[in-house]
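Number of protein chains: 2
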Amino acid sequence: MPLSANNPDRTSWLHVDKHSDFPIQNIPFGVFLTRDDIITIGTRIGDTAIDLGALHQLGYFEGIPLTDDIFLQDSLNDFIADGRKTWRAVRNRIAEIFDANNNTLKNNTKHKETILFRLDEIEMQLPVQIGDYTDFYSSIEHATNVGTMFRDPDNALLPNWLHIPVGYHGRSSSIIPSGIPVHRPQGQTLPNGASEPVFGPSRLVDFELEMAFITTDANDLGEPIPIDEAEEYIFGLVLLNDWSARDIQKWEYVPLGPFLAKNFASSISPWIVTLDALEPYRVESPKAVKPQLDYLKYKGKKSYDINLEVAIQPENAKETVVSNSNFKYMYWNMVQQLTHHTVNGCPVNSGDMMGSGTISGPTEDSYGSMLELTWRGEKPLKMKDGSERKFINDNDTVIMRGYCENDGTRIGFGEVSTKLLPVYSK
Amino acid sequence: MPLSANNPDRTSWLHVDKHSDFPIQNIPFGVFLTRDDIITIGTRIGDTAIDLGALHQLGYFEGIPLTDDIFLQDSLNDFIADGRKTWRAVRNRIAEIFDANNNTLKNNTKHKETILFRLDEIEMQLPVQIGDYTDFYSSIEHATNVGTMFRDPDNALLPNWLHIPVGYHGRSSSIIPSGIPVHRPQGQTLPNGASEPVFGPSRLVDFELEMAFITTDANDLGEPIPIDEAEEYIFGLVLLNDWSARDIQKWEYVPLGPFLAKNFASSISPWIVTLDALEPYRVESPKAVKPQLDYLKYKGKKSYDINLEVAIQPENAKETVVSNSNFKYMYWNMVQQLTHHTVNGCPVNSGDMMGSGTISGPTEDSYGSMLELTWRGEKPLKMKDGSERKFINDNDTVIMRGYCENDGTRIGFGEVSTKLLPVYSK
Chain X
1 MPLSANNPDR TSWLHVDKHS DFPIQNIPFG VFLTRDDIIT IGTRIGDTAI
51 DLGALHQLGY FEGIPLTDDI FLQDSLNDFI ADGRKTWRAV RNRIAEIFDA
101 NNNTLKNNTK HKETILFRLD EIEMQLPVQI GDYTDFYSSI EHATNVGTMF
151 RDPDNALLPN WLHIPVGYHG RSSSIIPSGI PVHRPQGQTL PNGASEPVFG
201 PSRLVDFELE MAFITTDAND LGEPIPIDEA EEYIFGLVLL NDWSARDIQK
251 WEYVPLGPFL AKNFASSISP WIVTLDALEP YRVESPKAVK PQLDYLKYKG
301 KKSYDINLEV AIQPENAKET VVSNSNFKYM YWNMVQQLTH HTVNGCPVNS
351 GDMMGSGTIS GPTEDSYGSM LELTWRGEKP LKMKDGSERK FINDNDTVIM
401 RGYCENDGTR IGFGEVSTKL LPVYSK
Chain P
1 MPLSANNPDR TSWLHVDKHS DFPIQNIPFG VFLTRDDIIT IGTRIGDTAI
51 DLGALHQLGY FEGIPLTDDI FLQDSLNDFI ADGRKTWRAV RNRIAEIFDA
101 NNNTLKNNTK HKETILFRLD EIEMQLPVQI GDYTDFYSSI EHATNVGTMF
151 RDPDNALLPN WLHIPVGYHG RSSSIIPSGI PVHRPQGQTL PNGASEPVFG
201 PSRLVDFELE MAFITTDAND LGEPIPIDEA EEYIFGLVLL NDWSARDIQK
251 WEYVPLGPFL AKNFASSISP WIVTLDALEP YRVESPKAVK PQLDYLKYKG
301 KKSYDINLEV AIQPENAKET VVSNSNFKYM YWNMVQQLTH HTVNGCPVNS
351 GDMMGSGTIS GPTEDSYGSM LELTWRGEKP LKMKDGSERK FINDNDTVIM
401 RGYCENDGTR IGFGEVSTKL LPVYSK
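Line by line, the protein sequences are chains X and P. With the UniProt record's numbering applied, the first sequence covers 1 to 426. With the UniProt record's numbering applied, the second sequence covers 1 to 426.
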């Protein structure tokens, strides 16, 4: 099926600002609560949210094989399980319905009343029920920075790093959509020079700038996914802030990996931008430094040119952009990650989420965490309000944004914005 | 509510063998497919499976506040979410219905036809939809053995081990019930003395003897569970074989922990034995070697005396018992594990599963993995058929069993039995 929804010449009868992340070429998928407290699956053009459940009930998806309630759900899991052919048919149809030259819905005031919402009339939810969350560690710059700081600058990359898209399991239950605040976590840390740990609030709360992809049902227990097929099982991408407590992490992570340092919260942007919408922004991945095993060898362009930025907004002050990075810096790409994940027969289901790992670029202003940007706190960052940050302060809001742009078309992710509250108290 | 279901003097009008794991004092919960291909929640007395959906429809739970379809589901999640008071009321009622002195159902042949099944008429399913799976590492003997083999015999325990119930996130999608076979996984390993990894079948497939507890909804994002309340949120326990590929693990696990070495399969016994049923078998946990932080200090007996055994059955041969251990050896107990898991505000939901980690005892024949039993393969185990095992061979079946016993009453878990098939091929 052709990607007619990507036609760069198409405009919509819905208003779209010039610098909007959501032109008619984007058509992301999300879940929202409407003003009537009904939960539904929707999309977005410009600043208009579109209720796909209502659109379907009114017959606008006629001819596409969809169950009656496919959009009247609190997650996209079933729709994603329908597979790529269905996603494409629906996305193409939405592009047609809202095309500037199509008057059918445009001239139907009654239908528009039930289908269209202003953004302030809806509340975005988590777009999928995430069965399993995996986080990779695929930026060579990030792995090198961390290795330099915590281990040996001369052997910053561990021996397995150039052979394996290293990853580990995260916690699904603490994945939250943009807008939900997070409390500063408490836990055990080992003070410098001490021999016994202490309990208290983490003093080194950090963000991690990541993106994550959402999968469809991919394989049965035992069955590996060949690398040529992996892309078929990727529905789309979101921005991910993988909150981290560096002092808790340092004390707990040996030998089984990070645990409480990570699982207090992971925030994602609420609109899933499809891989199809990102098609015009494909780029080559970085060249492999060492030969890779056959099962990880891929053909073609499997990375995407997605500009990323992180801003910190102190309470009652203007935000300061602290990092500019790009998804294309990832050394290991998504098809390699998904192939590696299943090479042992591990089953991947609809709604699973896989994070990239912190995306650091080659320059100091493109690092994806405060740990790296301030080099363990040694070089604090100046905020616009004159204050300094080594890590994230109570009541700071961390905002991540991402977008692709070429030839005047911009496809964006909106943002993931999360306020860090003080330690929880009853 | 009193635990009248635990009355040791009660007998049932259903036949129960003398050495059965499932006397009327047990009343575990599970999910099964019936001969009519209907999925339902059930329990078991002796070798009779009891359809709780049918029992409820016929009015046997009158007076207990339950939704009509609470047992007509493919998982126990909603029932578990109803909370401890409801579990107890239902378990007590089941004990009354099947009490030898109660003739109501006993004399109703029609009702019995729809409610009771022979074990060969049903097919056990996964009892819960597991949202998140966490695996701890709480046996001091296991951690010491592994530390001795792979790191430094003089500093076998890492500095954090005596302070933290160390744990990490596992994969939910590959958790399977007893009876489902597993393929030998493939992956990357680094041959001894080599500098580059190779790809191929794991040569060191191992079991890990564990138990796991299943939780109910415990807390919201940000909210820690105090240790005095933790027990309220534990529904019950199952046997867990946490399959491991030791050669894959060794190469991949630094620095983020085990990943593909573990997530190809984890097998559990299908009947969840409630914490209530285990009440008579409470014992003290091992004495703490070092002082523990306040949030991990508990009162009372929080461990359970559960005998555990592992057997290996080569194809077409008799099984050989290779390990006898006990759940009571766990250095960190369940309330400490659950409290630690949430101290940073990580949310725990109904149907989450938390594994104990390999349960090794103090003697060589009580170790919970082949890695330890054969000391990395240096001391192969003799099977009854004359063959030897360093690790698990293709077509071997690994069987784990567990039971409590005192004063003539035995409460057991049945078994988790899993055959290891050769590498997957299409």
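Warning: the hint list may mix true and false statements.
As the list claims (entries may be wrong) - List of simulated lysine-lysine pairs, DSS-like, C-alpha gap at most 27 Å:
hint, chain 1, residue 1, chain 2, residue 2
1, P, K290, P, K301
2, X, K301, X, K290
3, P, K384, P, K318
4, X, K426, P, K384
5, P, K299, P, K318
6, X, K318, X, K250
7, P, K302, P, K318
8, P, K250, X, K250
9, X, K318, X, K85
10, P, K426, P, K384
11, X, K18, X, K112
12, X, K287, X, K297
13, P, K426, X, K297
14, X, K390, X, K379
15, X, K426, P, K290
16, X, K287, X, K302
17, X, K318, X, K419
18, X, K419, X, K379
19, X, K85, P, K390
20, P, K250, X, K297
21, X, K250, P, K297
22, P, K250, X, K290
23, P, K426, X, K299
24, P, K382, P, K250
25, P, K390, P, K318
26, P, K318, P, K250
27, X, K301, X, K85
28, P, K18, P, K85
29, X, K250, P, K290
30, X, K384, X, K426
31, P, K250, P, K384
32, P, K85, X, K426
33, X, K384, X, K318
These aren't lab readings, by the way, just hints derived from the structure by calculation. Only a predicted model underlies this, so the values are computations on that prediction, with no experimental measurement involved.
Right, here's what the structure says about each hint:
Restraint check for P/K290 and P/K301: the C-alpha separation of about 19 Å stays at or below 27 Å, so the hint holds. Simply put, X/K301 and X/K290 have alpha-carbon atoms about 19 Å apart, close enough for the 27 Å limit, and the pair holds. With a C-alpha separation of about 7 Å, the suggested pair P/K384 and P/K318 falls inside the 27 Å cut-off, and the hint holds. A hinted pair counts as satisfied when its Cα atoms are at most 27 Å apart, and X/K426 with P/K384 does not qualify at roughly 59 Å.
With a C-alpha separation of about 45 Å, the suggested pairing of P/K299 with P/K318 is violated against the 27 Å cut-off. Proximity of X/K318 to X/K250 is assessed by CA-CA distance (about 32 Å); at most 27 Å being required, the pair is judged violated. A C-alpha spacing of about 37 Å is found between P/K302 and P/K318, which places the hinted pair above 27 Å, so the restraint is violated. Our distance criterion of 27 Å between C-alpha atoms is met by P/K250 and X/K250, whose separation comes to about 21 Å.
Only pairs whose Cα atoms come within 27 Å are accepted, and X/K318 paired with X/K85 is rejected, the gap being roughly 44 Å. A C-alpha spacing of about 34 Å is found between P/K426 and P/K384, which places the hinted pair above 27 Å, so the restraint is violated. For the given pair, X/K18 sits about 23 Å from X/K112 by alpha-carbon distance, which is consistent with the 27 Å threshold. Note on X/K287 and X/K297: the hinted pairing holds, with a Cα-Cα distance of about 12 Å set against a maximum of 27 Å.
Note on P/K426 and X/K297: the hinted pairing holds, with a Cα-Cα distance of about 21 Å set against a maximum of 27 Å. About 7 Å separates the Cα atoms of X/K390 and X/K379, which keeps this hinted pair within 27 Å; it holds. Only pairs whose Cα atoms come within 27 Å are accepted, and X/K426 paired with P/K290 is rejected, the gap being roughly 31 Å. Proximity of X/K287 to X/K302 is assessed by CA-CA distance (about 12 Å); at most 27 Å being required, the pair is judged to hold.
Distance restraint check for X/K318 and X/K419: the Cα-Cα separation of roughly 14 Å lies within the 27 Å cut-off, and the hinted pair is therefore satisfied. At most 27 Å may separate the alpha-carbon atoms for a hinted pair to count; X/K419 and X/K379 meet this at roughly 23 Å. Pair hint X/K85 plus P/K390 does not hold up; C-alpha atoms about 48 Å apart against a cutoff of 27 Å. Taking the CA atoms of P/K250 and X/K297, the gap is about 23 Å. The hint holds against a cut of 27 Å.
Straight-line distance between C-alpha atoms of X/K250 and P/K297 comes to about 23 Å, which keeps the hinted pair within the 27 Å bound. About 21 Å separates the Cα atoms of P/K250 and X/K290, which keeps this hinted pair within 27 Å; it holds. Taken as a hint, the P/K426 and X/K299 pair is honoured in the structure, with Cα atoms around 23 Å apart against an allowance of 27 Å. For the given pair, P/K382 sits about 26 Å from P/K250 by alpha-carbon distance, which is consistent with the 27 Å threshold.
Between P/K390 and P/K318, the direct Cα distance comes to roughly 18 Å. Compliance with the 27 Å bound is thereby established for this hinted pair. A C-alpha spacing of about 32 Å is found between P/K318 and P/K250, which places the hinted pair above 27 Å, so the restraint is violated. In summary, the hint linking X/K301 to X/K85 is supported, as the alpha carbons are separated by about 21 Å, within the 27 Å threshold. About 31 Å separates the Cα atoms of P/K18 and P/K85, which puts this hinted pair outside 27 Å; it is violated.
Taking the CA atoms of X/K250 and P/K290, the gap is about 21 Å. The hint holds against a cut of 27 Å. The hinted pair formed by X/K384 and X/K426 fails the criterion: a straight-line CA distance of about 34 Å is larger than 27 Å. Between P/K250 and P/K384 the CA atoms are separated by roughly 31 Å; this puts the pair beyond 27 Å, and the hint is violated. Under the criterion of a C-alpha separation no larger than 27 Å, the hint pairing P/K85 with X/K426 is consistent with the structure, at around 24 Å.
Proximity of X/K384 to X/K318 is assessed by CA-CA distance (about 7 Å); at most 27 Å being required, the pair is judged to hold.
Violated hints, listed in ascending order, are 4, 5, 6, 7, 9, 10, 15, 19, 26, 28, 30 and 31; each of the other numbered hints is respected by the structure.
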